Amino acid sequence: MEEGRKTRARWITVAAAFLAFMGIGIVDPILPVIAESIGATHWQVEMLFTAYILTMAVMMIPVGLVVSRIGDKQMMVIGLGLVTIFSLLCGFASTIPQLSLFRAGWGLGNATFFATAMTLLIALTPQASTAVGLYEAAIGLGMAGGPLVGGLLGQHSWRYPFLGTSVLIFIAFLLVTFFVYDPNKGKPKKAVGLQEMRRLLSFPPFLKGAVGGMLYYYGFFVVLAYSPLIIGLSAIQIGLVFFGWGLCLAYGSAVLAHQLEKQYEPRGILPYGLLMFAALLLLLVVAKPTWLMVTLIILSGLVSGLNNALFTSYVMETSPYERGVTSGTYNFVRWLGAAVAPVLSGIIGHTISSKAPFMVAMALALIAFLFLSWRKRKTSAPKTA
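Residue numbers (full-length UniProt numbering): 1 to 385.
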């Protein structure tokens, strides 16, 4: 009976994560439509990504501090409720500032969800590696489904994807509220403070993975958030491209990474994944035919899925602190890189050249490769008492 409850709660949590991650990519295919309808420049519409991700990154810290007092499930429910409200408001916005403000509120909701979903999923799953695989698969499928839904609904109106997301997230809100339970509820849980996070950020093995993830995620969001503006496709076509990209992302994180981790340690594979990602970014710089750019974007999803899962496994394994602290701190650092990528790419692409953002992303991926490849004598874990 207990195992059955856990299984049901596990799959509902995965489904909720899938729907939550749809919100990241749902604006992808409608960015050109929004720019044309509202009369905004590339960097202005990219603010829809930056406002969302920056708020999510910054709020990871306070959420991480209070989750031990409120509980994982309660934080998830609060997050899904906020996303329901702000995605609905996005559907009724009429200007870029309004959209950016409501997307920031959406990011606040997702911060409370993302900081707790993986730790709850790990508690509901027999093996932590299986939980990470399910979580990363939900990310990939959500990012695949988001652009597809955005493209299908966005061809009628750019408002429909936001309204549709609100309905789906509300369904997830109800499912989590009534059918998910927290196995750790009632168990004593050490309250987390800023001191623990500072110590974690001063622990070199974790810091290496977190900073490497931040540099890599810059490039990840250049592909996801900037490339739709320059490939010259319709909303539904962009949706289909990133649907394929997301399927590759899911396979890379849930299947390929899992298979490789059976034979190798994440820290041993990550440098090669970063090199492959940098190579694909270089090819995007020189590629001219639309079909070639589309092919490279879709293939980048496979490498990105692998890297996403490997980075998560790496930081979770190296951290000496509980998973809630590790997850919140890592998400804060990596999403900072993701937050600046969209708007900065829009500015660079406008002032230098349309392909220059890929060059910047490639350079940062190579720096991450050097950072992860650097070996130093073994470092002892910081004292937790």
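Because the hints were derived from the structure by calculation, they are not lab data.
If you're wondering where the values come from, they're calculated on a predicted model, not measured in any experiment.
Glycine is no exception: its CB is placed at the ideal position from the N, C-alpha and C atoms.
Mixed in with the good hints, there may be bad ones.
As the list claims (entries may be wrong) - With a Cα cut of at most 30 Å, we get these calculated DSBU-like pairs of lysine-lysine: (1) K208 with K288; (2) K73 with K6; (3) K288 with K6; (4) K355 with K208; (5) K208 with K262.
To be verified - For each label pair, taking beta carbons as the anchor points, the in silico distance ranges come out as: (6) K355 with I38: 42 to 50 Å; (7) G39 with G4: 35 to 43 Å; (8) R5 with K288: 53 to 61 Å; (9) H156 with R8: 18 to 26 Å; (10) E3 with V255: 48 to 56 Å; (11) S353 with H156: 30 to 38 Å; (12) T290 with A363: 23 to 31 Å.
Verification of the hints:
Of the pairs offered as hints, the one joining K208 and K288 is violated, with about 35 Å between alpha carbons and a cut-off of 30 Å exceeded. The suggested pairing of K73 with K6 holds, with an alpha-carbon distance near 13 Å, which does not exceed 30 Å. In summary, the hint linking K288 to K6 is not supported, as the alpha carbons are separated by about 50 Å, beyond the 30 Å threshold. Between K355 and K208 the alpha-carbon distance is near 29 Å, which keeps this suggested pair within the 30 Å criterion.
A distance of roughly 23 Å separates the Cα atoms of K208 and K262; the hinted pair therefore holds under the 30 Å criterion. In this structure the hint that K355 and I38 lie 42 to 50 Å apart at CB is violated, the actual value being about 26 Å. The supplied range of 35 to 43 Å is broken by G39 and G4, whose beta-carbon atoms lie about 54 Å from each other. The hint said 53 to 61 Å for the Cβ distance between R5 and K288, and at roughly 55 Å that hint holds.
Taking 18 to 26 Å as the suggested C-beta distance range, the pair H156 and R8 does not conform, at roughly 36 Å. The hinted range of 48 to 56 Å is not satisfied by E3 and V255, whose Cβ atoms lie roughly 25 Å apart. For S353 and H156, the Cβ-Cβ distance of about 34 Å falls inside the hinted range of 30 to 38 Å, so the restraint holds. In this structure, T290 and A363 meet the distance hint of 23 to 31 Å, their C-beta atoms being roughly 25 Å apart.
Checked against the numbered hints given earlier, this structure breaks hints 1, 3, 6, 7, 9, 10; the rest are met.
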